Amino acid sequence: MNTLHDCRKAFSKALIELAEADPRIVAVVNDSVGSSNLKDFKQRFPDRLINVGIAEQNMVGIGAGLANGGLVPFVCGASCFLTGRALEQVKVDLGYSRSNVKLCGMSSGVAYGELGPTHHSIEDLAWTRAIANMTVVVPADPAETSAAMHAAAAYDGPVFLRLSRMPVPDVHPAGYEFQLGRGALLRGGTHLTLIANGVMVCRALEAAALLEEEGISAAVLNMATVRPIDRTAIVEAAAMGPIITIEEHTVYGGLGGAVAEVVVESHPVRMRMLGFPGEFAPTGSPEFLFEHFGLTPDNIRRAALKLVEECAGVTYATDPRG
Amino acid sequence: MQHASQSPADREVAVAAAARLARRIRRHSLQMVHSAGLGHPGGDMSSADILAALYSGVLRINPADPAAPGRDRFIMSKGHCSAALYSALAEAGYVPVERLSEYMKPLSMLNGHPDRNKVPGVEANTGPLGHGLPIAVGVAKAARISGGDWRTFVLTGDGELQEGSNWEAAMAASHFQLDNLTLIVDRNRLQQGDRTESTITLEPLAERWRAFGWAVREIDGNDPAALVSAFSQIPFETGKPSCVIANTRKGCGVSFMEDRAEWHHRVPTAVELAAALIELGEDSE
Numbered sequence: 001m002n003t004l005h006d007c008r009k010a011f012s013k014a015l016i017e018l019a020e021a022d023p024r025i026v027a028v029v030n031d032s033v034g035s036s037n038l039k040d041f042k043q044r045f046p047d048r049l050i051n052v053g054i055a056e057q058n059m060v061g062i063g064a065g066l067a068n069g070g071l072v073p074f075v076c077g078a079s080c081f082l083t084g085r086a087l088e089q090v091k092v093d094l095g096y097s098r099s100n101v102k103l104c105g106m107s108s109g110v111a112y113g114e115l116g117p118t119h120h121s122i123e124d125l126a127w128t129r130a131i132a133n134m135t136v137v138v139p140a141d142p143a144e145t146s147a148a149m150h151a152a153a154a155y156d157g158p159v160f161l162r163l164s165r166m167p168v169p170d171v172h173p174a175g176y177e178f179q180l181g182r183g184a185l186l187r188g189g190t191h192l193t194l195i196a197n198g199v200m201v202c203r204a205l206e207a208a209a210l211l212e213e214e215g216i217s218a219a220v221l222n223m224a225t226v227r228p229i230d231r232t233a234i235v236e237a238a239a240m241g242p243i244i245t246i247e248e249h250t251v252y253g254g255l256g257g258a259v260a261e262v263v264v265e266s267h268p269v270r271m272r273m274l275g276f277p278g279e280f281a282p283t284g285s286p287e288f289l290f291e292h293f294g295l296t297p298d299n300i301r302r303a304a305l306k307l308v309e310e311c312a313g314v315t316y317a318t319d320p321r322g
Numbered sequence: 001m002q003h004a005s006q007s008p009a010d011r012e013v014a015v016a017a018a019a020r021l022a023r024r025i026r027r028h029s030l031q032m033v034h035s036a037g038l039g040h041p042g043g044d045m046s047s048a049d050i051l052a053a054l055y056s057g058v059l060r061i062n063p064a065d066p067a068a069p070g071r072d073r074f075i076m077s078k079g080h081c082s083a084a085l086y087s088a089l090a091e092a093g094y095v096p097v098e099r100l101s102e103y104m105k106p107l108s109m110l111n112g113h114p115d116r117n118k119v120p121g122v123e124a125n126t127g128p129l130g131h132g133l134p135i136a137v138g139v140a141k142a143a144r145i146s147g148g149d150w151r152t153f154v155l156t157g158d159g160e161l162q163e164g165s166n167w168e169a170a171m172a173a174s175h176f177q178l179d180n181l182t183l184i185v186d187r188n189r190l191q192q193g194d195r196t197e198s199t200i201t202l203e204p205l206a207e208r209w210r211a212f213g214w215a216v217r218e219i220d221g222n223d224p225a226a227l228v229s230a231f232s233q234i235p236f237e238t239g240k241p242s243c244v245i246a247n248t249r250k251g252c253g254v255s256f257m258e259d260r261a262e263w264h265h266r267v268p269t270a271v272e273l274a275a276a277l278i279e280l281g282e283d284s285e
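Protein chains in written order, with this note's numbering: chain E, 1 to 322; chain B, 1 to 285.
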């Protein structure tokens with residue numbers, strides 16, 4: 001594919017754009033000005049960057065208070081600490097309170113690689129999507145990161161943006177219009193659907209290209225919004241054939257779980273869930289860990305071939321949509 | 001408002017109003033807890049005078065416009081004392097007083113812990129301890145950023161200060177020089193299971209707050225005159241957040257409840273309720 005990007009650049013550029021247009025926009029950080037790529041923001045709006053120090057519970061509470069005071073805070077920190085350390089504040093001060101706070105979970109998934117499981121954030125989707133009133137978004141490339149930031153700012157309520165520092169190519173065509181709660185079909189197909197988000201979308205597209213060479217037509221659905229999930233797009237995919245979900249997250253309660261919840265209720269089909277298999281990762285770089293746990297285009301390809309073969313004799317009854 | 005330059009006559013009126021409101025809060029709270037069959041009457045009673053002082057003239061609020069951007073904010077961090085909070089809000093005009101009888105009844109907006117999306121005048125959803133002060137720091141900081149002149153008040157329990165999030169917020173408040181923020185600690189010296197000092201020592205509490213950069217006053221938190229006087233003098237020091245350590249008695253106002261740990265969440269029987277209401281007395285006017 002094409003050039004690789006660090007989506008944090010699109011994130012910080014979007015935050016500056018938003019702050020220029022709306023004086024209510026502020027950034028809150030936990031000593032993470034550098035890791036959240038907010039040096040330019042700080043220079044531009046020194047009074048609108050609030051550094052609370054290394055104190056995530058306080059940071060999320062302060063975010064709720066800033067929103068009570070009429071501001072629109074983007075609360076930015078490494079996703080592992082922002083969600084895990086402050087989970088009760090996310091539940092009560094943001095979700096239950098319906099506070100207009102945007103959580104930006106930086107370096108999510110296994111982006112911190114060799115730093116190990118303490119710094120991996122592969123449970124954050126399960127945690128945040130279990131909380132009522134939360135909107136949960138996992139952008140896949142710079143354009144979607146920027147669009148998700150603008151959509152989050154325009155939406156009145158708590159949003160968790162799960163961002164990455166892993167290099168990714170552009171996966172969306174020019175003119176792509178992001179909508180909260182809507183999946184984006186990036187590639188049509190007739191045999192099965194690959195549903196992915198975040199840094200796994202480009203890998204799903206690569207897998208689909210590999211499958212095409214073997215005569216398998218795989219659709220690729222980018223499911224950036226995990227809550228509320230796009231039920232219509234999932235039911236359409238299920239009506240067509242089996243589904244593989246691919247996520248940079250544990251398979252317990254993440255994207256795969258969210259998709260499966262819709263599939264089993266609305267249109268049961270065979271599924272495979274690719275992700276981290278419910279164990280803490282060994283030492284290794286992100287790319288090493290993706291290889292180790294099979295989150296590569298080639299392994300997606302193999303999983304797809306196997307699933308299509310298993311489903312060869314299976315026929316599905318009626319399309320629930322009539 | 002007028003507080004900085006209150007005349008002695010104004011002060012007397014404010015103190016009398018606070019004392020009257022405190023009695024009503026206590027009467028409502030005990031009736032609510034009795035009717036609901038659960039609640040936290042000990043803490044409702046210890047904080048009644050603090051709430052009464054705030055809601056009888058200190059807070060610059062308009063119950064007809066509960067979301068007015070420039071309003072003073074009061075955050076009840078000890079959300080389990082919701083009966084006292086709802087009573088104060090009802091007497092202030094946010095909620096019809098008749099609706100207090102719905103406390104904790106099925107589908108009531110008056111949940112055991114307050115919900116700002118259901119009850120006008122509630123600023124923050126609290127219940128888990130250690131949430132109110134960080135939120136209050138954010139509210140006070142928002143005033144600084146947006147140029148608002150509202151003041152932020154937050155009431156915590158004392159046992160609640162065992163939660164570490166309070167101390168994260170304490171550091172931030174003094175670092176940000178939030179002299180538009182006032183913390184009141186309901187220092188009743190009892191927590192759910194035991195005395196605070198037998199559980200995890202809080203003393204020297206005033207010294208601890210001073211060490212964290214706060215301006216501290218210790219007062220009798222069940223004395224409306226002391227409360228009104230303290231609130232008329234905030235900020236205690238320019239550039240520092242203010243901390244009022246309100247020394248209170250759990251169950252204050254009812255002899256058989258005072259300073260007894262079991263009234264943290266014991267429910268008065270009909271006989272106990274009747275005896276308590278007699279002790280508290282009716283409004284004289």
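Don't take every hint at face value.
Unchecked claim - Calculated pairs, BS3-like style, for lysine-lysine (alpha carbon to alpha carbon, straight line, at most 30 Å):
| # | chain 1 | residue 1 | chain 2 | residue 2 |
| --- | --- | --- | --- | --- |
| 1 | B | K240 | E | K42 |
| 2 | E | K13 | E | K42 |
| 3 | E | K39 | E | K13 |
| 4 | E | K9 | E | K42 |
| 5 | B | K240 | E | K39 |
| 6 | E | K9 | E | K39 |
Read the hints as simulated data drawn from the structure, not as lab findings.
Remember, it's a predicted structure, so these values are computed and weren't measured experimentally.
Okay, the hints, checked on the actual structure:
Straight-line distance between C-alpha atoms of B/K240 and E/K42 comes to about 25 Å, which keeps the hinted pair within the 30 Å bound. Pair hint E/K13 plus E/K42 holds up; C-alpha atoms about 12 Å apart against a cutoff of 30 Å. Distance restraint check for E/K39 and E/K13: the Cα-Cα separation of roughly 11 Å lies within the 30 Å cut-off, and the hinted pair is therefore satisfied. The suggested pairing of E/K9 with E/K42 holds, with an alpha-carbon distance near 14 Å, which does not exceed 30 Å.
Between B/K240 and E/K39 the CA atoms are separated by roughly 29 Å; this keeps the pair inside 30 Å, and the hint holds. Between the alpha carbons of E/K9 and E/K39 the distance comes to roughly 11 Å, so the proposed pair stays at or under 30 Å and holds.
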